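Note that the protein sequences, when read in sequence, are chains D and S. When we follow this note's numbering, the leftmost residue of the first sequence carries the number 12, and every step to the right adds one. When we follow this note's numbering, the leftmost residue of the second sequence carries the number 1236, and every step to the right adds one.
To be clear, the hints were calculated from the coordinates, so they are not data collected in a lab. All the pointers check out, no bait thrown in.
The calculated DSSO-like cross-link candidates involving lysine-lysine, where the alpha carbons are at most 30 Å apart (straight line), are:
id, chain 1, residue 1, chain 2, residue 2
1, D, K172, D, K351
2, S, K1397, D, K179
3, D, K305, D, K263
4, S, K1397, D, K172
5, D, K289, D, K126
6, D, K224, S, K1397
7, D, K54, D, K305
8, D, K263, S, K1397
9, D, K234, D, K169
10, S, K1397, D, K164
11, D, K218, D, K234
12, D, K74, D, K126
13, D, K289, D, K74
14, D, K79, D, K54
15, D, K234, S, K1397
Listed next, with one range per pair, are the computed distances between beta-carbon atoms:
id, chain 1, residue 1, chain 2, residue 2, range
16, S, L1280, D, T338, 57 to 63 Å
17, S, L1279, D, K326, 54 to 60 Å
18, D, P213, S, A1283, 40 to 46 Å
19, D, K83, S, M1351, 54 to 60 Å
20, S, A1327, D, G182, 30 to 36 Å
21, D, S245, S, L1360, 27 to 33 Å
If you want a taste of the chain D side facing chain S, the calculated C-beta under 8 Å gives, among others:
id, residue
22, E91
23, I92
24, A93
25, Q96
26, G190
27, I231
28, F232
29, K234
30, S245
31, G246
32, E247
33, A358
34, S361
35, A366
36, M368
37, G370
No experiment lies behind these values; they were computed from the predicted model shown. All residues carry an ideal CB built from backbone N, CA and C; glycine is no exception.
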Amino acid sequence: MGSRSIVSGLVGAAALALIAAAAAHAQSAPPAGTVVDGSLKGKTLTFVSYGGIYQDGQVAALKEFVDKSGVKLLNDGPTEIAKLQAQVESGNVTWDVVDTDDFPPFVHCGKLFQKLDLTKLDVSHIPAGQVGECSVPAMNYGTVLMYKNSTYKDNPPKDWKDFFDTEKFPGTRAIDGSGSPIGGLIEQGILADGGSVDNMTPADIDKGIAKIKAIGPDTIFWKTGAESQQLAESGEADMIIMWTGRAMTAVKNGAAYTPVWKDWLVVMDQLTIPVGAKDTDASYALINAYLGKKSQEVLTEQTSYSPINTEAQPKVDASVAAFLTNTPEHAKQGYQQNIKFWVANFATASDKWTALMAGN
Amino acid sequence: MSQTSHTLAAGGDNPRPTGGVQGPQRRLRLAAYPSLLAMPALLLLIAAMGYPLLTVTLRSFSDPAWGMQNYVWFFSTPVNVTVLWRTFSIAAWVTIVCVIAAYPYAYLMTAVGPRMRLVLILCVLVPFWVSGVVRTLAWVILLQDSGIINSVVRLFGLDTVKLIRTQTGVVIGMAQVLLPFMILPLYSVMRGIDLRLVQAARSLGARPSLAFLQIYLPLSLPGVFAGAIIVFILSLGFYITPALLGGPRSTMLSTLVQSQVLSLLNWGRGGAMGVVLLVATFVLLALAAPLMRQRHKQASRS
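The following block holds chain D by itself, in its conformation from the complex:
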């Protein structure tokens, strides 16, 4: 046990003495993954995520937590921040732990999402730099460029510059148009345009978006992960920007595409506790169990998304390993978007991105 958890253990002990009624679950920051037997008996938690194999995998990762703590786990989804806002505004929050995509916990920190009390979570094994003020990562994945083997044969695109170069690499491009602006791609557009992303200003957003627009009228903006997979499996586009999970499934299903790992875009899902959640201690207990080594191994084995516990060693076959983002070779090539910038300019970027999506 590290000195930090001993200290927080002491803090917890003090709290325990003060609030006798909360004794059952007041032990602070036990190592990630630990669950106290029967500690949440009779309680109900609602876990909200994006459904599909992802949420199934998360539920499997939480099975031990549910079995041991005695909590009744309800599932809801898909996550919609608008629904959460409605709950918070009406003062009737029914969601306890919410899985969101990259930006919302930063954009709405303190308003829709609680600032996290890190004495109640063991974040020591989370990859560096991924713990936010209002969120811990739920998993890591990547947005990766996939190219069609038959189109490019011996001369495939090697990086984002080639993606934007329609002269040397003709062919249709498919881009993630599922929602929020893809900050990483706009940054790559700025770089391909010869600009710099060191001290980005809102005016740079226009440059990046103009570069994307310059690809031409044949650009496909896919709306759902399933659609991107369908595009790959039917060979509709020559280069497709895909989430690693979808890319893996498409290749498994016979899509003859190859990933480009140079500067793949690092993305993650986030775990949050809404403002006004009914039983925050129970929410913390769920997240702390989720962060555990074993839970993360189960998650990766079931979903192919990368674990966010650095000690996790999931057993996966080669086809899955090929798309894991946390292997040493892939990890060092990742490109981290400037989250701070995109959060600060979220509204501006979203307006410009929406206009791009609508063909303007």
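With chain D held as given, fit chain S onto it using these hints.
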């Protein structure tokens, strides 16, 4: 009292008192009936439509602060105006395609025997039982570049036709989903047309085409208008079909509303977009109404 009941009964849409009914008591109850009959639907509309609509409208003026800022934003952002215009233009195309496809079909339904008619009705209704998303995905498979239609086209040595992610693709998909809403009102009107009128025209020397244009077509116009209005209005709110079959240049207003409300949490802006669409629709219908009424009168006169 009897005065009221008389006017109501003469109104045309209200059930006429049947021959056997006598006395002021009975008349009073009949007079009250029509409004009572509308109560369940009215209550449902107020609860499920009126109240949310009021909230949306209020929010469009009050979120994040009281004032017109959301409307100013709407009309000063080029993409909104372009997409609003595009939404109406796509809806108009869908309506035209539906009229052209539905008219002969509905006519055929009135002309064939009962067994064939059942088959034709089933063909209209079966797509209703399949979810809209599934039907739209089926269109993806048909329309995409590597899809069935283009495979056939290539078989004949022709160039690939761009169908998916174009406005054409969106209109095809939407027209298929909305066709029943055109066929059914048309059929119900056509079924009521007395074909002896057409025969009379022919016996008086009119060519078949003239008999159709002067007798049958005007009589069937109320059905065309009813169907067209339903299809047009439903088209305006389409979301999934344009998202899956369209490209950036066929994005409709509902997609922009969705991104304002769900991704950006600008509920005031989303509300303003909805109100603009609603008002624009009302204005358009108000402009079209006199024209339709005119035709309707003509039709009923003949």
